[in-house]
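Colleague: One-letter residues, chain by chain:
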Amino acid sequence: MAKLKRSRAVSAPSRAQVLVERFPLRKVVQWSLFVLIALGVGLGSWKTFTLPAAERYTAAQWRDFVVLGIAQGAVYALIALGYSLVYGILRMINFAHGEVFMAGAYTSFFFADAMHRDGFLNREPAVALSVILLTAMTGSTLVAVLLERVAYRPLRNAPRLVPLITAIGASFFLQYTFRGLFGQQLRGYPRFDFLRGKWHPFGIPILRTQVVVLFVVALSLGFLSWFVAHTKTGKSMRAVAEDKEIASLMGIDVDRVIVTTFALGGAFAGIAGVLFALVFEYVHWFMGFFPGIKAFTAAVLGGIGSIGGAALGGILIGVAEAVGPPLLLAGAHVPSPFQLKDVVAFMVLILVLIFRPGGILGTGEREKV
Amino acid sequence: MPASFLLRRALRSGGVGGAVLIYLAMVGMLEKFAPLDLVGTALPLSRLLVLSAPAVAGYVAVRPRIHAGEVQRPTAGPAMAAGAAAGAAAGAVAVAWMVLVRTIGVDALRGIFVSVTEGALGVLAFGLGPAAGAAVLVPAAAAAGAVGAAVRHVPGPVARALGLALASTLLFALLQRIVPTVLFELGLDPYWMYDRVHGGLTYLGALVVLGVSGVGSWQTAARRARVERRIREVPPEARRAVRLVGVAVLLLVLWVTPQLIGSVLSEIMGTVGVFLLMALGLNIVVGYAGLLDLGYVAFFAAGAYTLGLLTGANLVTAFGLVPPAIVAHLDFWAAVPLVMLVAAVVGLLIGAPVLRLRGDYLAIVTLGFGEIVRILVTSNWLKPLVGGAQGLRDVTDAAIFGIGFRDPQRFFYLVTGFCLLAIFVSRRLANSRVGRAWNAMREDEQVAEAMGISTTNYKLLAFATGGALGCLSGALFAVKLGTIQPGSFEIPVSITALAIVILGGMGSIPGVVVGALILMGLPGLLAEFEEFRFLMYGAVLIAIMILRPQGLVPNVRRMRELQEEERLQDAWLRAQEARGEALTGAGEEGS
Numbered sequence: 000m001a002k003l004k005r006s007r008a009v010s011a012p013s014r015a016q017v018l019v020e021r022f023p024l025r026k027v028v029q030w031s032l033f034v035l036i037a038l039g040v041g042l043g044s045w046k047t048f049t050l051p052a053a054e055r056y057t058a059a060q061w062r063d064f065v066v067l068g069i070a071q072g073a074v075y076a077l078i079a080l081g082y083s084l085v086y087g088i089l090r091m092i093n094f095a096h097g098e099v100f101m102a103g104a105y106t107s108f109f110f111a112d113a114m115h116r117d118g119f120l121n122r123e124p125a126v127a128l129s130v131i132l133l134t135a136m137t138g139s140t141l142v143a144v145l146l147e148r149v150a151y152r153p154l155r156n157a158p159r160l161v162p163l164i165t166a167i168g169a170s171f172f173l174q175y176t177f178r179g180l181f182g183q184q185l186r187g188y189p190r191f192d193f194l195r196g197k198w199h200p201f202g203i204p205i206l207r208t209q210v211v212v213l214f215v216v217a218l219s220l221g222f223l224s225w226f227v228a229h230t231k232t233g234k235s236m237r238a239v240a241e242d243k244e245i246a247s248l249m250g251i252d253v254d255r256v257i258v259t260t261f262a263l264g265g266a267f268a269g270i271a272g273v274l275f276a277l278v279f280e281y282v283h284w285f286m287g288f289f290p291g292i293k294a295f296t297a298a299v300l301g302g303i304g305s306i307g308g309a310a311l312g313g314i315l316i317g318v319a320e321a322v323g324p325p326l327l328l329a330g331a332h333v334p335s336p337f338q339l340k341d342v343v344a345f346m347v348l349i350l351v352l353i354f355r356p357g358g359i360l361g362t363g364e365r366e367k368v
Numbered sequence: 000m001p002a003s004f005l006l007r008r009a010l011r012s013g014g015v016g017g018a019v020l021i022y023l024a025m026v027g028m029l030e031k032f033a034p035l036d037l038v039g040t041a042l043p044l045s046r047l048l049v050l051s052a053p054a055v056a057g058y059v060a061v062r063p064r065i066h067a068g069e070v071q072r073p074t075a076g077p078a079m080a081a082g083a084a085a086g087a088a089a090g091a092v093a094v095a096w097m098v099l100v101r102t103i104g105v106d107a108l109r110g111i112f113v114s115v116t117e118g119a120l121g122v123l124a125f126g127l128g129p130a131a132g133a134a135v136l137v138p139a140a141a142a143a144g145a146v147g148a149a150v151r152h153v154p155g156p157v158a159r160a161l162g163l164a165l166a167s168t169l170l171f172a173l174l175q176r177i178v179p180t181v182l183f184e185l186g187l188d189p190y191w192m193y194d195r196v197h198g199g200l201t202y203l204g205a206l207v208v209l210g211v212s213g214v215g216s217w218q219t220a221a222r223r224a225r226v227e228r229r230i231r232e233v234p235p236e237a238r239r240a241v242r243l244v245g246v247a248v249l250l251l252v253l254w255v256t257p258q259l260i261g262s263v264l265s266e267i268m269g270t271v272g273v274f275l276l277m278a279l280g281l282n283i284v285v286g287y288a289g290l291l292d293l294g295y296v297a298f299f300a301a302g303a304y305t306l307g308l309l310t311g312a313n314l315v316t317a318f319g320l321v322p323p324a325i326v327a328h329l330d331f332w333a334a335v336p337l338v339m340l341v342a343a344v345v346g347l348l349i350g351a352p353v354l355r356l357r358g359d360y361l362a363i364v365t366l367g368f369g370e371i372v373r374i375l376v377t378s379n380w381l382k383p384l385v386g387g388a389q390g391l392r393d394v395t396d397a398a399i400f401g402i403g404f405r406d407p408q409r410f411f412y413l414v415t416g417f418c419l420l421a422i423f424v425s426r427r428l429a430n431s432r433v434g435r436a437w438n439a440m441r442e443d444e445q446v447a448e449a450m451g452i453s454t455t456n457y458k459l460l461a462f463a464t465g466g467a468l469g470c471l472s473g474a475l476f477a478v479k480l481g482t483i484q485p486g487s488f489e490i491p492v493s494i495t496a497l498a499i500v501i502l503g504g505m506g507s508i509p510g511v512v513v514g515a516l517i518l519m520g521l522p523g524l525l526a527e528f529e530e531f532r533f534l535m536y537g538a539v540l541i542a543i544m545i546l547r548p549q550g551l552v553p554n555v556r557r558m559r560e561l562q563e564e565e566r567l568q569d570a571w572l573r574a575q576e577a578r579g580e581a582l583t584g585a586g587e588e589g590s
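So the protein lines, in turn, are chains W and U. Everything in the first sequence is counted per numbering that gives the first Met the number 0, starting at 0 for the first residue and increasing by one. Everything in the second sequence is counted per numbering that gives the first Met the number 0, starting at 0 for the first residue and increasing by one.
Just chain U, same shape as in the assembly (with noise of 0.2 angstroms):
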């Protein structure tokens, strides 16, 4: 590759970066995230992503060309040193940025930009100075830069050893306020591995995942062709024998969660789970019948005010807490099937009027239902019934025998009980017949009803099994909080449900549980994120569509839909590389 192209492109991409750099300090990320330290002092996550733009910028800007029909890739020297030039442009366009910062002023500028704070310019400048914080910063970005572009020659084995390595290192920073409960209540002493002060890793601790997670998947990956052909030599009889043993195992592993990581981290994995049953409710009509819903909160909204009308709530007046108009009071186990009822009868009503459109129309119909259902809920209309803008209080709980479900750590295993029926009713409809019909609508509406398919009846039945599974979620919502806030329906509830399901591969349920733990998890552990998650949620839906639109996990049957036409290319490319002696030879022969 030309020196002069390379370079042209190492400048662009670090530009790129640059301005990736100065939205993250603008848009007020790196001072919060400043104070979230991962590796002892020296790593806070928002130095990570000071450097992380960078290194992204250099391996971009090293990325193979196709010229002349074929793929040029930069090699090792002139590659690194493309890479650095990229990390000093990010670096240099940040220190330019900052230069005109000070020169306006910062707090001139605040009045307008309310997140440029000297805090943001610190975290740019590593904590130093501003003369020699921009000294260091070109420097760091050019070294990350190179880094990112080597990763590219890096061999792939290493490569991917490393990269795990990396990323459970990331993964045991980022849960530094869950893994050391679990292991002091284990009895261990988790304060060798984590800062007691700082509440990262220690550096010994660092090194330690580092390596036993490096070592350890590069031992996997050396076996795993073996490991892989002795897994296919297990007979089916033992293979479900072991598959029964996992399932015993992860419900063991379930049942002593909630002991383990304790009152409040329950309370929060408690909320994951409600998210994750609505978004297994949403996977069910997004990635099992392509139908796209972005008014899935009404579902939600439905199954709490109709749970908390089933059992018994009260509303608040001028008078005090009076029951509303109309009101039963059913036990929670009694009520939960008339829940799931309403919600396919509510979902047939949405659904019958609106399932003859096209994708893109039925997505902004259904976000209009939604908005009705919110916007009725919060009415004075409606308030002698559901509470308009106060809501419901005193929601009755759930119960067995007497022993309710509001205790965080009681509510978990009410919600992972439902998540794993869930799962298990997503499992069985996707491999029946109902889901054969599903796939085959999704893929093609057209040749499925000439298939004889009666589309209209199977996205019926998508809307009221996901809307079924989605009142479900709201119903333990509602059991969860005690309270009915007509805010917690508001359209955020759509898309994170959305996020969810999309981050984690429409259709893959292993997805989906992926995608609430880092989606609803994340933001629960870590308050840092909380105030710039639906900005994460956002990118994330951007992000995965452009770059892996099959999802982290991905459904194998769907990955192969919407990867069909690259396969295609991609074999075409195969067979011309086969020919490619004879193509060059006869050039006009070949076109």
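Pulled out of the complex, with its shape left as it was, chain W reads as follows (with noise of 0.2 angstroms):
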């Protein structure tokens, strides 16, 4: 044995033996890939900027771009935070959670229509939204509950692959239920008088939607962090991220606190989901499988489990997909830049999953044996 081991250290390994050692074929595809992405988006938008004047986008437009990217943004950090808290606890994905999102903007449009036909909603706007918002997360946080209920609880102990496949087969359910229950026809959503036309903060015209929308977003985060920090139920939900079992042990029913998560994670989707019909004035059974993969992707971004992680990673989100196509593919004379806005958010997740993981202000976070 000991002359076995000394006669492969005489022989010194050959160069190229060396070489794919010290370059495999993982890093060199993936170096190759980030300086390839690097190229395109310097090329990309210095072609954009040094496009003839006539088809120069002016100041105003890459303005109103950012300003449309942030309050987009802004609704995929709230849908965000779902994935957040829930991954934050259980350690998965889940996958259904837009259609979370999506109970929640249907249960509020049939309140919503029936307010809009009766002529109160623009009566009593603050009351009408409040009764939209309360009955969006009240049908959300229900869907979510009884996700937990029927297709995780059973499972929470198996491998991880197995809830997550679950998860997948309860979002093409509940999307087809909600085909299934409303009709397969896009639902056009009511529209508020108070929110037509543009305000002007700061002397920057934004759409009075994507202002309520930031407020709402804004008022929403803060009572999370509020939550998770300083009540009982949010020490307890830290308690059960931390560790499970321990956190039994001290007395916390995890049981109820993972309910909890799953509850209120439903109740900001629903938010979300309001927010979302009242800026693209629809609603349809579909309307939450992309939106939930690019809040994925956001938390993913932010660093998943954190909630300023969600709101970061959210807004960068909505701002690439409403900048990038613009800015890397006008100047390349590619038809209809935005058909490939998803690409970008597309590519976003897959870049930040290949070279950061962990996210932004994720600790990188290792697997555990």
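Each statement offered as a hint is correct.
With a straight-line Cα cutoff of 25 angstroms, these simulated SDA-like cross-link-like pairs (lysine to any residue) come out:
(1) W:Lys340 <-> W:Phe48
(2) W:Lys340 <-> U:Tyr360
(3) W:Lys340 <-> W:Phe288
(4) W:Lys243 <-> W:Gly307
(5) W:Lys340 <-> W:Leu185
(6) U:Lys382 <-> W:Ile36
(7) W:Lys243 <-> W:Asn156
(8) U:Lys382 <-> W:Ser44
(9) U:Lys382 <-> W:Asp341
(10) U:Lys382 <-> W:Gly39
(11) W:Lys197 <-> W:Val211
(12) U:Lys382 <-> W:Leu42
(13) W:Lys340 <-> U:Glu489
(14) W:Lys46 <-> U:Pro383
(15) W:Lys197 <-> W:Ala127
Everything labelled a hint here was simulated from the structure, so no lab data went into it.
Dock chain to chain to rebuild the complex, using the hints, since each chain is given by itself in its own frame.
Modeller: Written out as structure tokens, the structure reads:
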């Protein structure tokens, strides 16, 4: 044995071997990908900024892109909270969270629609908006809690991929349930009269819906941070996130905390659903899927498990999606660049997961053996 | 078991059963399935659903409970009573809902719940008026619940024979559009067995199927031990010969199938074949290597478009049909290896950067890749190459000696051939060094790595192999349709393939075949299922993962892995039981 070892040590590895060991295929592909994308981004934006003056985007347009992105990203941030909360506690991607969001928007639609037909919506917009938000939160919370009870709780201790597969199943099940229950057509969401037009805070013209979105999201984020940091439930949530077993030894009802977490995530998804519906003015059974994935991207980008991370990630994804296509593609004369905005979002997801899976604010958690 | 506990549980599961009934009605399933007669006119599929919800409620209500360290089972009498109570509760909940709907008004409700119709209410009321319907539904549900509870008390062998008989009757009833055709082609008269007008089995036919399959399974069960022993005694050479004969018979059956089932059914079977091929590929990635790939549709799309561009196709433009910017005119058989090469490259490109990721992140990233591919092929940017939203037309047909394959019956041969090839490759891979490495990696990545398996390389290999099969299925899909629509490459395709693999059992080839036949064949054969296809796929994914994670036709090794913990517990329980007396005698010492 010892002899074998020595003979190994003596025969020096060939240069090719050294090269392969120093540059494994994975790294080579990774870094060439990185260089390629960096080049693409640099070249694309350079070409966009050097377009002939007639085709160039004006500064005002860029500002609008950014504002649009921030407003859109705020909604993602609100959905991302749900992913983050659940992931923090169960280390599980609640893939069906996008459908929880959709459920809230859909539930509130019927109330909003009834109030709109009645004329109440614009007579008492503040009351109407609170009713809409409350119903959406109720609907989403209900779906989220039911989801946890039926699809996830029986699998609490199963291998990691098992609950993910159920979650995917649940996602499709919920989508097609809503399709069966409420029909497959797009439904137009009623508009608030007071939300038409623009406001000019700080001299920047911003659509009123966007202002409301930003305001509500900021409020929700503030509330959640306070809740998690200062209430008893919030503290027990953090304890469970740290270690389920020890938490239960300390007298915390883990099941209850998990249900609370799902409910909380659901409630925020419900709010996000209303905001989304106010901005895009429709509800549909498939509306939750892509915002869900992008919100997950946001959660990962910011650092999954952290509230500030979800907010930051959401805004970044929203801005990347709004600014990316014109910035990178318009200069290269790609026709209809906005068709490709989802590609930008997914590319961000892939790049984050490859190069910084812990996220921007993340701690770089390692897989436990 | 105390009666109060039993009753409480009966009411609870009855309530859930009732909620399921309401769900089925509100989602539109009951009404949609009402025209599908299974046996005569007495048992449409909708009625079977209405009765099975309380039956399952009854079955669940009398499950054994573990109380104070021992297993308690209710005796037959109380169990039946509890089952009936559960069924009645389910029925009562449904009746309450119907009353509620009537008070609000069906038309008023339909503004929100589009599937709440007179038809759905009629199904729940057994086609009778509101009052009479309620009077029938509750007792019928109670009876179903009692039957469900009684199942637990039927002795094992009888239950197994009965279950098989009922299952095969249901199968024959569901295959009502395929079996009569086959019988007719064979020169037999199908109309004593199948109802000419309503489509389902006749009462006589149902009885015959029930009887034959029941007696048959009873007989085989009785002789099972002897048969198994005799099979074990067969010498290996003879066994190989038997296997060869078996393969020959299978090939013969496959050879005559398209003629027997006709053009329309061959078309459906062709689609099943394409998805089977895709699921076989996904089975390598998910089942063997344990990598959850949610963007498998990317390979499917890559295969279809690559084949289209390699063998020749046209774009739809304002100036009529024109060839794409880059196009070759290869023969199908020359293009296939290239397509698979492209697949392997795509697999490497997707795989290499992301394979270090944890399982759940990998799933999401692959999903992202799948979406990117779909968006790219739909975009105006790549329109000159792949036709944007209009896709490609006039994809060149595959042909041998000038005989094309687009005809459904001949396409069946093409796709079956490739499926057999894929099955062969999968089997050989699973039993090879590579397969064992995948196994080790799937069961524990860290340990596998410690044992000297280069997990990155084996993951890449799995991605490339699985991707090649996925691309191949895409190529065949393009050949089959002759057109390539970007709408065919959306996420549901990935989910379909995943559901097939999960339903059948991850890593199990017979399972994948069964899964494809059920999940693709059934909606193809019975248009009633089409609308609820993804609802059912979703339900399948949840139900299988919770109730039977090893799938319908499990792979033995995989099953062991999933049930390891359970088996350990069982062994522990058995040991406890064996020591039972001693343990109760000296309780404190035992702990």
